[in-house]
Each structure stands twice: as structure tokens, then as C-alpha cells.
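Top to bottom, those sequences are chains A and B. Mapping of the first sequence onto the working numbering: residues 25 to 271, in sequence order. Mapping of the second sequence onto the working numbering: residues 25 to 271, in sequence order.
Among the clues, some could well be false.
As the list makes no split between identical chains, a pair holds if one copy fits it or if it spans any two.
No more than 30 Å apart at the CA atoms, straight line, and that leaves these computed lysine-lysine pairs for DSS-like [to be verified]:
| hint | residue 1 | residue 2 |
| --- | --- | --- |
| 1 | K92 | K30 |
| 2 | K64 | K92 |
| 3 | K64 | K30 |
| 4 | K92 | K263 |
| 5 | K252 | K64 |
| 6 | K184 | K263 |
| 7 | K179 | K30 |
| 8 | K213 | K64 |
| 9 | K92 | K184 |
| 10 | K64 | K84 |
| 11 | K263 | K121 |
| 12 | K92 | K213 |
| 13 | K92 | K208 |
| 14 | K179 | K213 |
| 15 | K92 | K252 |
| 16 | K213 | K252 |
| 17 | K179 | K121 |
| 18 | K252 | K121 |
| 19 | K64 | K263 |
Since the hints were derived computationally from the structure, they do not count as laboratory data. These numbers come from a predicted model, not from an experiment.
2 protein chains.
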Amino acid sequence: MPALLKRVAFQVGLVPNERAFALSSVSNDGHYISLRPFVKPQGPSEEAFPFEWAFAGTNKNVTVTQVKPNVVNQDFNFWFDVNAYLNTPNTHRGVIKTTWETWESGCLAETGSVFPEGFNNQGVAFFELWQPLDPTKQELVMKSERNEATADSAKSVVFKVAEGSGYDGLLIVTGKWAQGFLSKQNVGKIDGLNFIRAQETETSTVADVLFEYGDECNKFPRRFNGVKLGDVVDVNGLKWDVIESYQ
Amino acid sequence: MPALLKRVAFQVGLVPNERAFALSSVSNDGHYISLRPFVKPQGPSEEAFPFEWAFAGTNKNVTVTQVKPNVVNQDFNFWFDVNAYLNTPNTHRGVIKTTWETWESGCLAETGSVFPEGFNNQGVAFFELWQPLDPTKQELVMKSERNEATADSAKSVVFKVAEGSGYDGLLIVTGKWAQGFLSKQNVGKIDGLNFIRAQETETSTVADVLFEYGDECNKFPRRFNGVKLGDVVDVNGLKWDVIESYQ
């Protein structure tokens with residue numbers, strides 16, 4: 025089933041906090057994207073690039089193993105990682121092993137370690153707490169017994185930039201919510217990056233933009249209804265393959 | 025402004041968790057009630073009394089001090105504390121000093137210590153993370169820029185059991201959500217306790233019960249519209265004073 029998760033807490037070291045409006049979209053087939061824009065960017069660096077982090081992958085870029093009824097291991101080997109794209113120093117590369125525990129309240133507690141100095145050096149433990157949302161709602165509605173059935177059967181559509189275009193990109197629609205990245209290959213600077221978060225409304229078949237970053241956001245798909253697996257969608261000259269469509 | 029807060033994490037010791045569906049209601053004038061029923065009661069003790077904790081007070085039972093723009097101290101001296109009522113051993117008595125920090129994400133991080141062995145002995149630090157909800161919605165809708173104005177102007181009504189009735193009781197309505205306790209004086213056992221969480225719907229002027237505990241829940245008010253400050257409401261023989269009404 026598709027999922028839309030809002031992070032409510034992030035902890036590295038002794039004190040938790042949450043400075044981002046982080047949403048992770050997971051498609052029915054297990055493709056994923058996580059965009060983590062700062063709520064209040066502070067200073068020139070965050071203002072120029074207002075993201076704590078962003079990454080994405082297909083279901084080939086994650087290994088999921090059930091450990092116990094309420095515990096899952098997820099080993100991520102991101103296809104796209106903004107730190108790798110920008111070659112940001114002292115950030116993790118390669119597989120990140122994470123453990124996800126579902127609390128009785130319904131939240132998901134993620135724990136793991138990153139190795140910004142390489143795997144031969146000391147890792148840094150992290151904790152993230154995620155609140156599942158009902159992606160069929162426009163507002164940030166917590167998933168609960170009341171809406172579980174509709175949330176779990178939400179629409180799930182995934183667009184991936186066609187090979188040979190000179191770009192990498194993935195846009196995942198879960199319910200009404202879409203998140204996407206589009207990166208120009210071989211640029212390695214923030215100029216090559218584009219991100220979008222958009223939302224379908226009752227009144228329009230074109231998703232409303234909630235935020236966008238980058239000069240080429242007009243190349244993201246914003247019409248999701250009726251697309252079928254295998255379709256190729258041209259958006260202002262960029263071709264996107266529909267690699268998943270449940271609707 | 026009234027508030028409805030859902031706890032998303034509770035930490036004592038090294039590992040956070042959340043086993044309760046804890047909601048705290050705070051009225052416009054600062055009266056408060058927090059009910060913390062377990063999501064999945066485990067074992068005979070929790071099944072007999074399925075609450076992690078419950079407490080309530082009027083605005084006379086809390087001192088609020090602004091420390092910084094995003095930090096508030098709240099010193100609680102509960103009028104009603106289920107642990108005190110039941111005389112549960114090794115639980116805190118007296119003032120609890122807490123600090124509330126508003127994160128950039130909008131969540132409230134509460135820290136403090138309790139002294140289950142008395143103030144002359146070692147305290148126990150705790151951390152609780154609260155997600156503000158829009159109380160005007162039936163679903164669990166996170167408060168956000170989108171709904172802040174309606175959330176902050178939500179209805180706020182408070183009923184308090186009249187003196188001399190042999191009961192203590194408080195019921196707080198914030199938006200569509202009501203939470204109440206009713207305790208028979210001088211019983212000191214779970215037989216003397218009643219709790220209710222109820223919600224107004226579009227279709228009825230009588231609030232729907234979301235959960236109730238105790239044999240005398242028919243004595244809780246369940247009609248909130250139109251009551252005025254100073255009104256006395258009789259519910260199956262029990263008189264409640266309306267000590268606050270903004271609607």
C-alpha cells in the first residue's frame with residue numbers, strides 16, 4: 025500500500041528537534057522519495073538551498089526485511105542522494121541500514137547509523153519519528169482506524185525520467201500528494217537540482233504546487249489522472265516513463 | 025486560544041515510545057484536562073484500568089511563565105490527578121515543573137522531572153512531544169498554516185461539577201472535541217472514576233462518545249451549543265457550572 029509519512033522528530037546526539045517539513049512518499053510498489061525542506065531556513069547557506077536533505081530511489085534501491093510483526097529492517101542504497109549529487113563533504117555514502125518499529129500509537133520509529141567519515145570510522149546514530157498520514161486528504165490528517173481503509177487504498181502513480189535524456193528524476197504520487205526530484209546529470213551543483221511538492225485539489229486536474237525549487241520545475245508532471253503503466257508523458261520536452269499506476 | 029494536543033512520543037529513560045492515545049485539552053481561559061488511555065491495554069491491570077495517566081485542573085492549578093519567544097514554563101499543581109486519587113504508590117505529588125519549547129515544525133517539546141520517591145530523592149526526567157491539532161475537525165488534523173486561523177478561534181466551553189454534590193468533575197470542549205473526568209469524592213478506588221472523550225458531529229447536537237470509562241458517564245454533559253458562562257446544567261441529577269463559554 026502507498027504511504028505518506030510526516031517526520032515529527034529527528035534526533036542526532038542527545039536532544040531531538042524538528043526543523044524540517046519532511047515528507048516521505050512510498051509508492052505501492054515500494055518506490056520512494058523523501059523531501060526535507062526547512063520550515064525556517066536560517067542563514068545564507070540554508071536560504072540558497074533550503075533542504076536538510078533529499079533522497080529517492082526505486083524499489084531496487086532498498087531491501088526490506090520483516091524482523092518481527094512490528095519491526096522491519098530497511099537497507100537503503102539511494103539512487104538519488106542530494107549529498108552525493110553535491111559531493112557534500114563528511115556525508116554518508118553507500119547503504120544505510122535502518123530499523124523501523126511500529127509503535128502502538130501508529131507512529132514509526134526509525135533508528136540507524138550514518139558514517140559521514142566512512143565505514144571504517146565511528147558512525148553517528150540517529151532516531152527519526154514518522155507519523156503516517158492519510159494521503160487521500162488535502163490537510164495533514166493522521167492515519168487512524170477511522171481512515172485506514174481509504175488511506176491504504178490511495179492512488180499510487182510513479183513517473184521516472186526516460187533514459188538518455190540527460191536528467192535523473194522521479195515523481196511519486198500517493199493519494200493527492202506528489203513529490204518529485206529532477207537533477208541534471210553531471211552538474212553536481214545546486215543549479216542542477218529541482219524539487220517539487222504538489223497536491224491535487226477538488227477543483228483542478230492539475231496539481232497545485234505546495235513548493236518548488238529550481239529553474240526547471242515546469243518539467244515535472246502535474247496531471248496524474250488516467251495515466252497507465254508504460255505510458256510515456258512529455259512535459260515541456262522532457263519524457264517521463266510511468267513505471268507504476270494504481271488508480 | 026483553545027488547544028488540542030496529541031502526544032506523539034513519551035520518553036523516560038533512554039528509549040522513547042508511545043503506547044497511549046493521549047490528548048490534552050486546554051481551554052481558552054487555561055483550564056486543562058489530559059486523558060491518556062492505552063491504545064492496546066496489556067495484562068489484567070491495564071485491562072481493568074486502561075489509562076497510563078489522567079489529570080485535570082483549572083487555570084488556578086497551573087502557573088505559566090514565558091521564558092523566551094518559543095519557550096514557556098508551566099508549573100502544574102493538579103486539582104485532579106488519578107495517581108493521587110487512587111493513592112498509587114511511588115507516584116509524584118505536588119507541583120510538577122515543566123518546560124515547553126515550540127519547535128519550528130510546530131510541535132511542542134515538553135521536558136521536566138517527576139519525583140515518585142519524594143522531592144528529597146532522585147527525580148526522573150521525562151520528555152513528551154505534542155502535536156497540536158485543529159480541534160474544529162473531526163479527524164486528527166495537524167495544525168498548520170492552512171487551518172491555524174480556524175483552529176485558534178475554535179469554540180471553548182468548560183463545565184465544572186457544582187460544589188456540594190459529592191463529586192469532582194471537569195469537562196472541557198475545544199472545537200468539536202470534549203474530554204471530561206468525574207470522580208466520586210472519598211472513594212479512592214477505580215470504582216469512583218469516570219472518563220469520557222466525545223466529539224460533536226455534523227449531524228447531531230449531542231456529542232458522540234469516542235470512549236468512556238466508569239458507571240456514571242451518563243452524568244457528563246454532551247450538549248455544548250448555546251450554553252453560557254454562569255449557566256448551571258443538570259445532567260441526570262448532577263449539576264455542572266459553566267465556568268467558561270466562547271462560541
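Going through the hints against the structure:
1. For the identical chains of this complex, K92 and K30 are neighbours both inside a copy (23 Å) and across copies (27 Å), given an alpha-carbon limit of 30 Å.
2. Taking CA atoms no more than 30 Å apart as the test, K64 paired with K92 passes between copies only; the shortest distance there is 18 Å, against 38 Å inside one copy.
3. Within a single copy, K64 and K30 get their C-alpha atoms as close as 17 Å, and across copies as close as 23 Å, so both meet the 30 Å cut-off.
4. When the C-alpha separation of K92 and K263 is checked against a cutoff of 30 Å, the pair qualifies neither within a copy, at 41 Å, nor between copies, at 51 Å.
5. In the homo-oligomer, the alpha carbons of K252 and K64 never lie at most 30 Å apart, since the shortest distance is 38 Å inside one protomer and 41 Å across protomers.
6. Taking CA atoms no more than 30 Å apart as the test, K184 paired with K263 passes inside one copy only; the shortest distance there is 9 Å, against 64 Å between copies.
7. Taking identical chains as interchangeable, the C-alpha atoms of K179 and K30 lie at most 30 Å apart whether they share a chain (18 Å) or sit on different chains (28 Å).
8. When the C-alpha separation of K213 and K64 is checked against a cutoff of 30 Å, the pair qualifies only within one copy, where the shortest distance is 22 Å, while the shortest distance between copies is 49 Å.
9. Taking the shortest Cα distances, K92 and K184 never come within 30 Å of each other, neither inside one copy (33 Å) nor across copies (47 Å).
10. Neither within a single protomer nor between protomers do K64 and K84 lie at most 30 Å apart by alpha-carbon distance, with minima of 34 Å and 36 Å respectively.
11. For a Cα distance limit of 30 Å, the shortest separation of K263 from K121 qualifies neither inside one copy, at 33 Å, nor across copies, at 59 Å.
12. Proximity of K92 and K213 under a CA criterion of 30 Å is satisfied in neither setting, with 42 Å inside one chain copy and 38 Å between copies.
13. In this assembly of identical chains, K92 and K208 lie within 30 Å of each other by CA distance neither inside one copy nor across copies; the values are 40 Å within and 44 Å between.
14. Taking the shortest Cα distances, K179 and K213 never come within 30 Å of each other, neither inside one copy (34 Å) nor across copies (50 Å).
15. For a Cα distance limit of 30 Å, the shortest separation of K92 from K252 qualifies neither inside one copy, at 35 Å, nor across copies, at 53 Å.
16. Proximity of K213 to K252 under the C-alpha cut-off of 30 Å is found in neither arrangement, the shortest distances being 34 Å within a copy and 62 Å between copies.
17. In this assembly of identical chains, K179 and K121 lie within 30 Å of each other by CA distance solely inside one copy; the values are 29 Å within and 47 Å between copies.
18. With identical chains, the CA atoms of K252 and K121 are never at most 30 Å apart, being 33 Å at best within one copy and 58 Å at best between copies.
19. In this assembly of identical chains, the alpha carbons of K64 and K263 never lie at most 30 Å apart, being 34 Å within a copy and 49 Å across copies at closest.
The structure fails to meet hints 4, 5, 9, 10, 11, 12, 13, 14, 15, 16, 18 and 19 from the earlier list, while all remaining hints are met.
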